[in-house]
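Student: Below, each chain spelled out in residue letters.
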Amino acid sequence: MLKALLARAHQGHRTMPYPAGEPPPMPDRFRGAPALDPAKCPDGCRSCADVCPTDAISGDGPLALDLGRCLFCTECVTACPEGAIAFTHDYRLATRRREDLVVRGQALPLADALEATLRRLFGRSLKLRVVSAGDCNACSADVNVLGTIGWDLGRFGIQYVASPRHADGLLITGPVTENMRLALQKTYDAVPPPKIVIAVGACAISGGPYAGHPEQHDGAASVLPVDLFIPGCPPHPLTILDGLLRLLGRLEEARRVP
Amino acid sequence: MTGTAGRTRNGRALALRDVPWLPPAAFREWIVRGVCDGGRRVAAYFGATREAAGDEAVEGVPLYAVLADDTNGRLFVARSTSDGATFESVVPEVAQAHLFEREIAEQYGIRFEGHPWLKPVRFHRSYRPGHDAWGRSWDAAIPPGVVDFFRVEGDEVHEVAVGPVHAGVIEPGHFRFQCHGEHVFHLEIALGYQHRGVERALMGGPTKRTMPYMETVAGDTTIGHALAYGHAVEALAGAPVSARAHAIRGIALELERLANHVGDLGALAGDVAYLPTASFCGRLRGDFLNMTAELCGSRFGRGLVRPGGVGFDLEPAHVERLESRLAVARTEVTEAVELLWDTPSVRERFERTGTISPDDAAAIGLVGPAARACGIPRDVRHDFPAGIYRFVHVPVMTAHAGDVNSRAYVRWLEIQQSIQFILKQLGGLPTKGRDATVGAMKPDALVVSLTEGWRGEICHVAMTDAAGRFSRYKITDPSFHNWLGLALALRSGQISDFPLCNKSFNLSYCGHDL
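Protein sequence lines correspond, in order, to chains A and B.
Using our numbering, read the first sequence as starting at 1 and increasing by one per residue.
Using our numbering, read the second sequence as starting at 1 and increasing by one per residue.
Incorrect hints may appear among the rest.
Straight line, CA to CA, 27 angstroms or less: simulated DSS-like cross-link-like pairs of lysine-lysine [unchecked claim]:
| no. | chain 1 | residue 1 | chain 2 | residue 2 |
| --- | --- | --- | --- | --- |
| 1 | B | Lys208 | B | Lys442 |
| 2 | A | Lys40 | A | Lys127 |
| 3 | B | Lys119 | A | Lys186 |
| 4 | B | Lys208 | A | Lys40 |
Keep in mind the hints are simulated off the structure, nothing from the lab.
In this text the structure is predicted, and so the values were computed from the model without any measurement.
Isolated chain A, as found in the complex:
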């Protein structure tokens, strides 16, 4: 018992000050929001589009990158002869609409808060049922990590619950495999309305590397209405948390707290 108390004293208080304070520093090789400079693209160059594993980059017309498909690998950066693509350290990536994830050099239209009625219902208490529908366990892991003491999701009133009947919505990872489609639909149906759906990771948004496979359905939006898209492969926990807090309109509120 004494050892446990001593350990508690050594290990200390570890919950991060974010969002009232600074977010944890990102490693210097972290790949966040891409910065595109279409002006640098030589005419007819397809170097980046040709190497992109998920065809996230349009090969025709002006440079456009679909963050919903992007795996945040570095193939395009390496392939570009002109340095027209770079990944910044900006972890904020979540949007409310699928089409907003296609970037052409403009700022990403980050997720707005839920409309007033839903925000009043969920803003201070959001219970989510997490469904892995073919994810590789990386998105699951970084969704799960938000429950650990460093992130402490509970302090925002957000909690992962065991039963869909206790939930206000679903958080979905994975491309929605054919073998999980029915289970996902039943889980959704079991959530009492009004309810929301959050798609986390390239697979849940577009099928990721599995897009086009007949064994899956190219993401959650093919079977359910999605209210929040959080891109990444997998998204950093901070990216996920940022998305959830934006959806609940909690970010501005947190910043006002000294």
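Fit chain B to the supplied structure of chain A, relying on the hints for placement.
Tutor: Leaving out everything else, chain B in the frame of chain A:
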């Protein structure tokens, strides 16, 4: 069969013509005698298409088996052909082949005669249109988990069905317990919900998606699977990898082991309601993931391993930061984990729960910490060393009770070894070498590539066609061997022990479902 035909080593390419064809009866005998008398075990057993055999004259469906001799570090490959409809099962003598034969049945529509338990594995159509091992109509839907489950009958015997959607943040699977009160007679596990069609998509590659497939076969084992793939391609293309790249890959593989082992110990503590270690380890796991992100920007090691070398080199500043963070993490993990061994209530729940006997472990071919917890000193890094492990030896850690406590304790021993290994590598990184250029892969060749992932042996078998493209790429995640171990661990246990047993194996659903 005698002689050296089909004998190879980990990561050594073999011309397909040197893989012996055996008549079905001799092939079966070769597997049975190899496992029952020869001290070998089944590392892989799979079907291929006729085109993959590199021999147009082959009739029916070719079958390939890879047997591993752990003691001598040797691998043996042989092949045979089925008539395309049936083949004689080895399972009555070689239990560890049970899931491989079910997989071949499902993928290639071959019915294994004498298999006691021939059921689908992943619930998909076969790779050969019109051929189905269960005679299902080709157009019929194949609903997952709808299968003839083993049932215990009797007064007050009842069945408990769980999943595919579970209570926690966890991958989907379906579990059927045959119980009498809390007493579990039998647990059957039906998976396949995560099936994404990885192996089917790998044929004809490599393509620009091959590396992302490898990195997401089991996302918590990104480095392990990417490394097995890297070694396979490098062997087929004859590309030498620099000593420095080998060292960085080794650091990444051990960081992956550390993150998962530390996370597992925390989760085990959580499942017996010992919250101090659960909280501390939950956070510390993240520290190790962040160290991997220090290497390559991704907490799961995406982009680090590339055929020919590594996607990211280590600058002196990275080395310094990693060393200091690792030193802090070592102190904190030691304190957090040692609480477990000092707490009687934890020991009481860990010890004698979910016990697997060494004989059962050997018979079903357990790998990784689950095998080592039964006293089986089986570790690819030691038995079939490749890459950095040819030069730096990591001692094999074992425990002997085969229970949850042993599986936890082996993890703790391995955590200490991995930290030591990484510190040693960081202290003496070889000077920067040139990344190997990976050219065309040899045509009509086969390579077996083994890596010791944190769950155990990862086995990739790559075969090329006449154009040097993958005609077959077989992936065996350690979970494929170990899921039956979890089912056995529950026998005569209690349902309430299931979460604890499950966590003590912590197997991959997607790595199994592919």
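Student: Please go over all the hints and tell whether each is borne out by the structure.
Tutor: Hint by hint, here is what the structure shows:
1. A distance of roughly 19 angstroms separates the Cα atoms of B/Lys208 and B/Lys442; the hinted pair therefore holds under the 27 angstroms criterion.
2. Distance restraint check for A/Lys40 and A/Lys127: the Cα-Cα separation of roughly 46 angstroms exceeds the 27 angstroms cut-off, and the hinted pair is therefore not satisfied.
3. The hinted pair formed by B/Lys119 and A/Lys186 meets the criterion: a straight-line CA distance of about 26 angstroms does not exceed 27 angstroms.
4. For the hint linking B/Lys208 to A/Lys40, the alpha-carbon distance of about 25 angstroms falls within 27 angstroms, and the restraint holds.
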